[in-house]
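Listed below are the residues making up each chain.
2 protein chains.
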Amino acid sequence: MQLSRKADYALRAVMHFAGLPKGKLASIGAVAKSQRIPREFLAKILKDLTWAGILISYQGVTGGYRMAKAAKDVSFLDVVEAMEGPICLNLCCEGDKCECEHYKGCKMRDFWIKQQDSFRKALSQANFGKYKAIFKE
Amino acid sequence: MQLSRKADYALRAVMHFAGLPKGKLASIGAVAKSQRIPREFLAKILKDLTWAGILISYQGVTGGYRMAKAAKDVSFLDVVEAMEGPICLNLCCEGDKCECEHYKGCKMRDFWIKQQDSFRKALSQANFGKYKAIFKE
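Sequence order for the protein chains is A and B. Numbered according to the numbering used here, the first sequence spans residues -1 to 135. Numbered according to the numbering used here, the second sequence spans residues -1 to 135.
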C-alpha cells in the first residue's frame, strides 16, 4: 500500500514548477535532472499533468512547461488523482456497497471509508503554495 | 494506492475467525466459501497469519485454524503488516532521509510521515474485538 512512483514523481515535478519565478518555463530535461526523475517517464507525466489542467505546455525550441494556475490552487489531491484516478484505499470503498453482503453490520467498510475520507481531506488541504521547491542558491 | 488484495483477504479471514465461538476451528474451505476468497490464495494467507502468530493451525482430518489470542488483542495493523511488511505510504518515508537532499526545507516528506503516522495509528486502534464477523442466523 504505497503511493505509485508515478504520483510521487508528479508531486515532485509540480513542486518544482511551483517554485519557479512567475511565468518562467522549465524544460523536461531541467526537471528530470533537478528531481532525478527518468526523462521518458517524466515526459509522460508532464503530458498527463497538462491534460489535467495543472500545467501548460509551450512548444518550440524555447518551449517548456509552467503552472496553469496559482500554486496555492493546486492540491496534492489534484496531482495524485490525475495520476492514479480517484483515491480508493480498499476495493470495498468503490461503489455503493461492500461485496460481503452476507454479513449483517460489517463495520470494516466503514473503517476504510473513514480512512479514505481523512486521507483525501489531508491531500486536498496540502497545496503547492505551501509545498513549493526552495532551490539552493 | 490501495490495500493489496492479500491484506484485504487476510483482514476478512481474521474477522471470520474472530467471530467464531471460543475454541472452534474453521477449515480453509469454510473460510474461503464464507468470505469468497480463492482457496489456494487463502491457504497461503492462513500460513502467513500462523507464521505471524495471529492464528494457530491444527493438523489432521478434524484440523483447521483458530485465533492464537483474544480478538481484541489483534489489530488491523498486525494483519496488514503481516501481509505487506511495514506500512510505507511513500518511498521517501523509508529510512532516515529523503532522496531530494538538494532541496533545503522540503516539507513534502514531513507530510507523508504525518499521514503514515496517522494511518498506522488508526490501523493499530482497530482490533478484531470490535470488527468480528456477525454471521447470519
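Hint data in this document are derived by calculation from the structure and do not stem from the laboratory. Among the hints, erroneous ones may be present.
Identical copies look the same in the list; a pair holds intra-copy or inter-copy alike.
Claimed, not checked - Computed cross-link-like contacts, DSS-like style, restricted to lysine-lysine with a CA-CA straight-line distance of at most 27 Å:
1) K42 with K105
2) K31 with K105
3) K105 with K128
4) K112 with K22
5) K105 with K4
6) K119 with K22
7) K4 with K112
8) K112 with K42
9) K112 with K45
Hints, verified against the model:
no., hint, in the structure
1, K42 with K105, "between (40 Å within a copy, 25 Å between copies)"
2, K31 with K105, "between (47 Å within a copy, 20 Å between copies)"
3, K105 with K128, "between (36 Å within a copy, 8 Å between copies)"
4, K112 with K22, "neither (41 Å within a copy, 32 Å between copies)"
5, K105 with K4, "between (32 Å within a copy, 19 Å between copies)"
6, K119 with K22, "neither (31 Å within a copy, 42 Å between copies)"
7, K4 with K112, "both (25 Å within a copy, 21 Å between copies)"
8, K112 with K42, "neither (33 Å within a copy, 29 Å between copies)"
9, K112 with K45, "neither (33 Å within a copy, 30 Å between copies)"
Checked against the numbered hints above, the structure violates hints 4, 6, 8, 9; every other hint is satisfied.
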